[in-house]
Amino acid sequence: MSFLSFHFLVFFALTAAIHCILPSRFRNLFLLLAGYFFYGVWQPAGLILLVVSTLADYLLARQIAAQAGRTAKKRLLLIGLALNLGTLAFFKYANFFSDFFHTLCGRLPVSFPRPALRLILPLGISYYLFKKISYLIDVYRGKLASERSFTRLALYVSFFPEILAGPIDRAGDLMTQFPAKNGTYRGRPAEGAQLIVWGLFKKLVVADRLGLLVDTVFSHPGSSRGPVVALAAFFYAWQIYCDFSAYTDMARGLGRILGFRLAENFRRPYLAQSIADFWRRWHISLSQWLRDYLFLPVSYSLLRRFSLRPRLAPQADRLAYVAGIVLTMLLCGLWHGAGWTFVVWGLLQGLFLALSFLTKKVRRRVVKALGLNRRPRWHRALRIAASFTLVSFSWIFFRAAGIKEALILIGNLFTRPTGISVLSMKGLFAGLSLPNLVVAGVAVTGLIVAERFLEKSSLHQLLAAQPTWRRWLIDYLVIFSILVFGIYKQPEFIYGRF
Amino acid sequence: MAVFKKIGSRRTLSAILFGLIFALLNWGLGRIYVHREMQDSRTGFIERQFSQCRGQIEILAIGDSHMATGFDPRFFSRAFNFALHGENYIYNYYKLKVILKRNPRIRTILLPLDLHSFSSWRADQSLADFYWVRYANYLELGWFSREPLEYLRKYIRGRFFPYLGEFAALLDVPGQDLVTRSAPRPEIIQGFVLKTGAYDQNREKKAVHSARLHFLGHKAYDELVARYFRKILELCAARGKTLVLIKFPVSEPYYRMAAKRVAEEEIYRRADEMIRPYRNVRVLDFQKLFFDRDRLLFDDPDHLNEVGARILTSEIERYLSRRTTDGREPPKQSDYPPSR
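As they're listed, the protein sequences go chains A and B.
Numbering of the first sequence is given in my numbering, commencing with residue 285 and proceeding in unit increments.
Numbering of the second sequence is given in my numbering, commencing with residue 7 and proceeding in unit increments.
Do not rely on the hints blindly, as some may be mistaken.
Under the rule of at most 30 Å between Cα atoms (straight-line distance), these lysine-lysine pairs were calculated in the DSS-like manner [to be verified]:
1. 237/B with 103/B
2. 211/B with 773/A
3. 773/A with 225/B
Everything labelled a hint here was simulated from the structure, so no lab data went into it.
The following block holds chain A by itself, in its conformation from the complex (with noise of 0.2 Å):
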């Protein structure tokens, strides 16, 4: 039941209307409901893992709460984060691993055997397991009082909107959300309609038709070169963006629609000056997620040990940075699937931040010398498209089937294309006809434009702000973008298969 399908419009159109008419007490159990029937339906063997596990990290936060010693508390904890990870790791990388090492063993004369049984990935696994990790160390640090209602915690980790492709709400911000005894219906319809059709359209319009090409670039690498290579790897770069920011888009419609206001996840990414500023506006529940409790532990943790070795403390903080920077967008890719690519996407987003700390002044010096530092739109233009270019040069590794084929379509971004391929605009533009690649430039210009304007209020004010007319323009102008120029095909959302 994607939230693209019909099935889901009649789901939610009752579930929406049920949950404002329904008395405040019943509805965190409604709502509760409703997301079970939701991921039943997906996967009703992976609704048990869901029951189950979250049972478990609700028991154990009740017990680290209760606990008074320090090491105790720690105990549990451990406890809590190996149950976790350990299904994370169990039903996400075993199948990874096990080949892995099949593979490996296969050269050396020792026998490792591939096991018979390949896992099924439960639906939105990353996402929940990392919203009850978060939940399991607030409560340990004393952040967060150990919920008491088993229904409130089930609620925040199978909450529907977000179950399958996040954002990665932390506890504190969503469950406080979540209706009293007495409250009232606080939802947002306008608000949260608004948001899914500006999703909508991001995906319909936007990402599915931009994946045309992509789509048919990196399935067959051998036969793309130069500039189309190029092309499909912005166009990947364009589309990963709206069709992720369009999931949280709608999800957060959804929510406002029942009175939740969940994490803003994208921030105008590609407006981003640098990598590091990439990322502080790329999925940033996940990012904030990694550092809250990755980087910063990892981090202070290295630099603490080096600062003893006194041949490494001149350069701690440094190595401290670099090691956990590396290691933490190590784990970030290998977090978004079991595959070298991904392994080598996180690498490589490591070692473009690692590589940017370690040469700040370098490049401040580089700046001042060839005068930019007088013209700060040119430097900022630059800055802007150095990390897009940087971005979506590791996109090829994220969207590829594998090493070998992203390989290829580096080697051939750097050949020229064949006479026939720059004279025939099939071959320039694979997959992609004129009128399709000019709805995508349309819609893709249209959007940069938008996101400008987003950039100083939410989509909400900027629309309340106008007079009717042009709101309304405006609204007729997307929605009739989204029923004419969409793409109909049953598609997915990208992150929702991580």
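Fit chain B to the known structure of chain A by using the hints.
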């Protein structure tokens, strides 16, 4: 309180106005799209031809592409071939129901009974919902198929948003692969689609492709399709119409490929069981009639070309005229064709 009421009523009014403008624009776009599609497509062309003959037809051929390309209505004075590509018994039934109501003079109905006739391969894969919504009762279909939401979606799309995602057709963008316009329109006479090719190259490959199209990933015997076959039988019996079921000729390679994927005897045994109680139904078996001449008489593995259609129609004509002129009891399935 009065202020709140005023704001509330203003909001309601503006929401209604917004909705009305939307509905108007939506209706306009829908009309433009349907008009363009029906104007330019093969389906629209056949529909127009059919409406010109309204009330005069006595022999109606209905079915899928086998019928569309295999039955030449020019052999008869008041016949029309209203078969469309990919149309199965489900849609045959609904279409027939509407046509019989508007054309009471129809006395004989020709319908294919082929190896793939009960396959779950659906017509709506190749024809748009806006077309079928004129004939089919999607709510009933949803109920029978146990997919009410899916057919409700189809109904809403067909009735209210026919232009969904069809920017190329709507804006008349050239060079687009449109479902109903893609193929160059062959000559169409009284609904009969004339094909002039020969099936003499890449025979095995084409046969595999056609057999896959009909059977791969589809149930060879779909209960829902069978249910609608029974409804056709009931409908014809209730209206006193003669139903002639035709096992269309196929090429030898196609037959071989199809036979690998479907239990022929089982399919026809089930069909016979359904037909048996009806005295107004006859079955003509031409399935293997052209095995020895399939290079010449076929356009592709399972579609006759013009010559093949002419020979086949003359056989059908011989059967029908004998039945109607001498008043004898029509021959049973095993007696026919009488001569090869």
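To see whether the hints hold, each was checked on the structure:
| no. | hint | result |
| --- | --- | --- |
| 1 | 237/B with 103/B | 10 Å, holds |
| 2 | 211/B with 773/A | 28 Å, holds |
| 3 | 773/A with 225/B | 23 Å, holds |
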